[in-house]
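For the protein sequence lines, the chains are X and S, in the order given. Just so it is clear: in the first sequence, position 111 is 119 by our numbering, and no numbers are missing. Just so it is clear: in the second sequence, position 32 is 28 by our numbering, and no numbers are missing.
If you're looking for bench data, these hints aren't it; they were derived computationally from the structure. Predicted model, so just to flag it, every value in this text is computed and none were measured. Do not take every clue at face value.
What the hints assert, rightly or not - When the alpha-carbon atoms are kept at most 30 Å apart in a straight line, the in silico BS3-like pairs for lysine-lysine are as follows:
no. : chain 1 : residue 1 : chain 2 : residue 2
1   : X       : K16       : S       : K(-2)
2   : S       : K88       : X       : K56
3   : X       : K134      : S       : K137
4   : X       : K56       : X       : K142
5   : X       : K37       : S       : K25
6   : X       : K142      : S       : K(-2)
7   : X       : K16       : S       : K143
8   : X       : K134      : S       : K88
9   : X       : K71       : X       : K142
10  : S       : K25       : X       : K63
11  : S       : K137      : X       : K142
12  : S       : K88       : S       : K144
13  : S       : K(-2)     : S       : K144
14  : X       : K16       : X       : K142
15  : X       : K56       : S       : K(-2)
16  : S       : K(-2)     : S       : K137
17  : S       : K143      : X       : K134
18  : S       : K144      : X       : K134
19  : X       : K37       : X       : K56
20  : X       : K63       : X       : K134
21  : X       : K63       : S       : K(-2)
22  : X       : K142      : X       : K86
As the list claims (entries may be wrong) - Quick partial rundown of chain S residues pointing at chain X, CB under 10 Å, derived from the structure:
no. : residue
23  : I7
24  : P9
25  : L12
26  : Q48
27  : E52
28  : Y59
29  : S71
30  : H72
31  : C74
32  : P75
33  : M103
34  : G163
35  : Y164
Virtual Cβ for every residue (Gly too), placed ideally from N, Cα, C.
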Amino acid sequence: MNFIGNYKNWIQQSWIDELLRSEGCARFKEGQQPDSPSMREQYDRAIKAGYDPNKAYFYMFDKTNVSFEIDPPWLEGKKYHWWITKMLPGNCMPIHVDPHTIYEQDSNRYWMPLQDYTGGHFFVYKDVVFTEYKQGDVFVYEHSQASHGAVNVSIPPRLVLQISTYA
Amino acid sequence: MKVIDNVWHLIKPEWLEYLNTCPALQFPKDLDLPKDMTANTLLGENSWELNQDELEWYTIGGYDPHGTNYEGFDSHNCPFDIAETINFGRPKNAGWWIVRQHPGQYMPWHRDLTCANDGCYTYWIPLNDWEPGHIFVYADKTISHYKKGDVFQFDDSYEWHTGCNIGYSTRTVLQIRTYD
């Protein structure tokens, strides 16, 4: 993960407020069914390991279920899509590779926490747990297909913006 | 937190057989916690006194007191006493417990309720080789790429830490605490 810069001043408090009071789309429970071989493989692996397909492991937001626009200033002129994940205490996302980075051309993955780090808000990138980050820090994956996951074992909900660019 | 030894040769196959196959205490479900989590009282021999960190998990954190976040073994639910074999030179002042986490299980970020200093030592010993998604964080440090039987000694027994499993296989860890 390479640090790009800090864009805290770009984040609107109204976004945070809306994300905290809205439920979002509960994944895996309400998520899309696997639509690619790589997604199917990871999904099947998770179910076989004991993850429950009917449980809410985290909550997803994108342009279809929020009232605001996301237009990242560090991505001017690039094509991108974004999503925000909310994790309540005890929520987690198993280690995985983002399926879309496999079939999209020239994919780059960006990760931006919408809050300062608090103990127990863990982002796992390959073999490292990210801690001590600040709200608005932007990191780019060294390799868009790097394995990653997350867990919230803290008290406050955890909010992270994620963006993929493509050619 | 540093590696000081590897004690895999002391781990008995019958212990592992038991730990891999036998039911464990389900935490917090089996603790019989009071329904009103603001009541921090001992209600009987099966009840549990919560420290301040634990109280916050259930009161403001929203963790489910009746779910299973992880599983545990100690001398009360095992037919063996690991401290008789592994005690770091303090056979009469060693306690142990084992945490087993299936994929998706976790322990909230916490400090152990223990003496902070003056001869209290905490040892963390994984019983599986590290795999992606097997998380242990001590203060701000990630512990990974370890081998089963490695002995990590806490610099401070009262430091914040936790373990989680967002991988694809069961994660089992032995912890030993000794007192002078």
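* Asked: When you check the alpha-carbon spacing of S:K(-2) and S:K137, does it fall within 30 Å?
  -> 11 Å, holds
* Asked: Against chain X, is S:Y59 within 10 Å by beta-carbon distance?
  -> 5 Å, holds
* Between X:K37 and X:K56, is the straight-line Cα distance small enough, at 30 Å or below? -> 16 Å, holds
* Does the alpha-carbon distance linking X:K63 and X:K134 stay inside the 30 Å limit? -> The hint holds at about 25 Å.
* Asked: Given the hint that S:K88 pairs with S:K144, does the C-alpha gap stay at or below 30 Å?
  -> 25 Å, holds
* Minimum beta-carbon distance criterion (10 Å), S:L12 to chain X -> 20 Å, violated
* chain X contact restraint for S:E52 - C-beta distance below 10 Å -> 6 Å, holds
* **X:K16 paired with S:K(-2) [C-alpha distance capped at 30 Å]** => Given that 30 Å is the threshold and the Cα spacing comes to 36 Å, the pair is violated.
* Holds or violated: X:K134 to S:K88, with C-alpha atoms at most 30 Å apart -> 41 Å, violated
* Asked: Is the Cα-Cα distance between S:K88 and X:K56 30 Å or less?
  -> 43 Å, violated
* How about S:Q48: closest beta carbon in chain X under 10 Å, or not? -> 12 Å, violated
* Could you check if S:I7 really has its C-beta closer than 10 Å to a C-beta on chain X? => 24 Å, violated
In the structure shown, a violation is registered for the earlier hints numbered 1, 2, 4, 7, 8, 15, 21, 23, 24, 25, 26, 29, 30, 31, 32, in ascending order.
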